[in-house]
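Student: Given next are the chains, with one letter for each unit.
Protein chains: 2
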Amino acid sequence: MNAKLTIIGSGSALPTKNNFPTSQLLEFRNKQFLIDCGEGTQIRMRQMNLKNNHIGHIFISHLHGDHCFGLMGLISSFGMLNHTSDIHIHAHPDLEKLMKPQLKYFCEQLPFQVIFCPINPAVNEIIFEDRTVQVSSIPLKHRVPCCGFLFEEKSSDRHIIREMIDFYKIPVWQIGKIKQGEDFTTEEGELIPNDKLTLPPTSPIRYAYCSDTAYTEKIIPIIEGVDLLFHEATFMEDELFRAKATQHSTARQAAEIAKKANVKKLIIGHYSARYSHKTALLNEARQVFEHTELGEDMKSYEF
Amino acid sequence: MNAKLTIIGSGSALPTKNNFPTSQLLEFRNKQFLIDCGEGTQIRMRQMNLKNNHIGHIFISHLHGDHCFGLMGLISSFGMLNHTSDIHIHAHPDLEKLMKPQLKYFCEQLPFQVIFCPINPAVNEIIFEDRTVQVSSIPLKHRVPCCGFLFEEKSSDRHIIREMIDFYKIPVWQIGKIKQGEDFTTEEGELIPNDKLTLPPTSPIRYAYCSDTAYTEKIIPIIEGVDLLFHEATFMEDELFRAKATQHSTARQAAEIAKKANVKKLIIGHYSARYSHKTALLNEARQVFEHTELGEDMKSYEF
Chain A
2 MNAKLTIIGS
12 GSALPTKNNF
22 PTSQLLEFRN
32 KQFLIDCGEG
42 TQIRMRQMNL
52 KNNHIGHIFI
62 SHLHGDHCFG
72 LMGLISSFGM
82 LNHTSDIHIH
92 AHPDLEKLMK
102 PQLKYFCEQL
112 PFQVIFCPIN
122 PAVNEIIFED
132 RTVQVSSIPL
142 KHRVPCCGFL
152 FEEKSSDRHI
162 IREMIDFYKI
172 PVWQIGKIKQ
182 GEDFTTEEGE
192 LIPNDKLTLP
202 PTSPIRYAYC
212 SDTAYTEKII
222 PIIEGVDLLF
232 HEATFMEDEL
242 FRAKATQHST
252 ARQAAEIAKK
262 ANVKKLIIGH
272 YSARYSHKTA
282 LLNEARQVFE
292 HTELGEDMKS
302 YEF
Chain B
2 MNAKLTIIGS
12 GSALPTKNNF
22 PTSQLLEFRN
32 KQFLIDCGEG
42 TQIRMRQMNL
52 KNNHIGHIFI
62 SHLHGDHCFG
72 LMGLISSFGM
82 LNHTSDIHIH
92 AHPDLEKLMK
102 PQLKYFCEQL
112 PFQVIFCPIN
122 PAVNEIIFED
132 RTVQVSSIPL
142 KHRVPCCGFL
152 FEEKSSDRHI
162 IREMIDFYKI
172 PVWQIGKIKQ
182 GEDFTTEEGE
192 LIPNDKLTLP
202 PTSPIRYAYC
212 SDTAYTEKII
222 PIIEGVDLLF
232 HEATFMEDEL
242 FRAKATQHST
252 ARQAAEIAKK
262 ANVKKLIIGH
272 YSARYSHKTA
282 LLNEARQVFE
292 HTELGEDMKS
302 YEF
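Protein chains in written order, with the working numbering: chain A, 2 to 304; chain B, 2 to 304.
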């Protein structure tokens with residue numbers, strides 16, 4: 002397994018019997034990233050026995066309740082469960098103003114710090130990076146400032162061919178440099194070009210999360226070719242007028258973005274409460290982009 | 002049916018697979034009263050198809066997250082569902098300070114007003130009444146200011162015996178007075194005592210809600226003889242030290258209160274997340290007070 006996306010909630014503003022409001026957990030490179038945190042996120046996590054010890058970063062796309070009302074309960078419970086690593090919340094700066102008084106009142110003695118990392122949803126920029134992963138904002142088109150997130154593995158080293166180490170008697174101290182692309186000179190002075198010694202690095206994993214948004218082709222250059230795209234599909238095409246009015250997308254529009262951006266796979270979600278069965282949404286999307294799957298609460302997708 | 006209590010969530014601070022945080026819906030006299038509103042209350046309501054058009058009053062026992070983190074989501078969704086009657090929130094005055102900025106930010110154009118009705122949890126007093134129902138606070142013993150609630154039907158009129166109206170030719174305009182206890186004088190001047198004309202009124206329905214609290218006998222005079230008592234039972238007796246330290250009760254203690262207060266029936270709940278099966282809690286309580294039932298999420302109790 003390279004990466005795993007778990008849909009915690011695939012609903013929208015009004016939760017339904019089966020769909021909690023939006024939240025997702027992305028796991029790769031031994032890290033866990035929580036994306037949005039609607040009401041009941043911590044409850045779904047308990048229902049799934051989802052381990053969350055490695056959550057250190059939470060990304061909030063925008064400040065509508067169905068994307069952030071679960072934060073207080075989650076943080077409060079993390080406190081009781083002896084979560085120890087600090088929690089960084091990447092969100093529009095207004096969230097800090099709204100949450101600080103609540104954290105002070107309800108979560109006085111947490112065993113970790115809650116650190117707010119303000120983002121500007123209007124621009125496409127790197128908002129988090131460490132040694133192996135980087136996260137960028139994807140400006141979206143919604144009724145309030147809103148952005149998606151592009152999670153990318155950083156380019157890894159080339160893979161050295163084991164047999165070549167023995168054959169050319171490559172000393173250990175040179176292996177690092179060769180993995181980074183350098184050629185090798187044998188003791189006899191023969192130059193061995195790098196491409197004879199190594200194979201190309203595994204292509205980095207890329208996941209793009211786009212919710213909530215009206216149809217906008219501006220995101221295509223940013224998400225071009227990702228391994229997995231989550232794109233909201235609040236409505237079906239027969240509710241296009243409503244999608245436009247509320248600045249959401251239809252299943253068909255989500256698929257059009259996936260097709261134009263040449264992504265490997267599309268998952269749709271953020272369904273309006275009016276759809277109790279989702280097959281029609283899936284069919285609508287698949288007519289445009291075959292590699293589409295339905296996002297479902299408590300289901301994981303490996304990629 | 003006289004009254005119906007629906008347990009929306011029977012859990013405590015940490016939600017579990019089956020137990021959402023605390024919330025209850027009490028229905029009687031064509032009214033709906035929501036008691037506490039932990040995270041996920043609106044979700045459970047949707048899961049139960051619970052109609053909530055008649056909720057106009059919400060009673061919050063204390064400001065711990067598991068009793069109030071569901072308020073923002075609930076109110077926000079009521080707005081989208083075109084709930085029209087005003088919502089009165091009876092709670093410690095701090096709640097207004099915490100919620101006002103959030104309501105302003107997330108719920109700008111609600112089709113109803115949210116009215117905060119501050120209560121003083123330290124005293125036993127009437128905090129709400131209308132023509133047929135009154136609600137009083139029950140001071141509890143917890144780590145923060147906390148009170149339970151006593152819901153009481155107001156005494157109804159005596160029942161006039163139909164045959165007596167015909168026999169004594171009682172005029173319609175006198176019936177109201179007789180129902181209220183007056184005697185009747187016939188045209189011939191004969192005095193008919195009230196108890197010959199009427200039967201006693203149906204005894205008023207009384208429900209007492211006591212969560213969260215350490216064992217305290219001070220509540221007994223207030224809840225004496227109620228039809229139904231909900232008393233928290235966070236722990237079992239073998240965790241008595243923990244119950245004391247956190248100012249909660251054991252199942253045995255809840256039953257002792259029920260017995261001493263001579264209530265008709267006890268429901269326990271607010272279970273610690275450590276108990277995946279609740280039978281042992283029920284058995285412990287029933288050893289002291291036989292008429293005990295387990296509170297369970299999404300279950301209704303008529304009384």
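Watch out, some of these pointers could steer you wrong.
Identical copies carry no separate label here, and so any pair may be met within one copy or between two of them.
Here are the simulated DSSO-like pairs of lysine-lysine, each with C-alpha atoms no more than 30 Å apart in a straight line [to be verified]:
| # | residue 1 | residue 2 |
| --- | --- | --- |
| 1 | K245 | K279 |
| 2 | K266 | K279 |
| 3 | K101 | K178 |
| 4 | K245 | K265 |
| 5 | K245 | K18 |
Quick caveat, the hints were computed from the structure, so don't treat them as lab data.
Student: Indicate, hint by hint, whether the structure satisfies it.
Tutor: Going down the list of hints, with the structure as the test:
{"no.": "1", "hint": "K245 - K279", "verdict": "within (20 Å within a copy, 50 Å between copies)"}
{"no.": "2", "hint": "K266 - K279", "verdict": "within (18 Å within a copy, 45 Å between copies)"}
{"no.": "3", "hint": "K101 - K178", "verdict": "neither (47 Å within a copy, 59 Å between copies)"}
{"no.": "4", "hint": "K245 - K265", "verdict": "within (27 Å within a copy, 57 Å between copies)"}
{"no.": "5", "hint": "K245 - K18", "verdict": "within (26 Å within a copy, 38 Å between copies)"}
In this structure, the one hint that does not hold is number 3.
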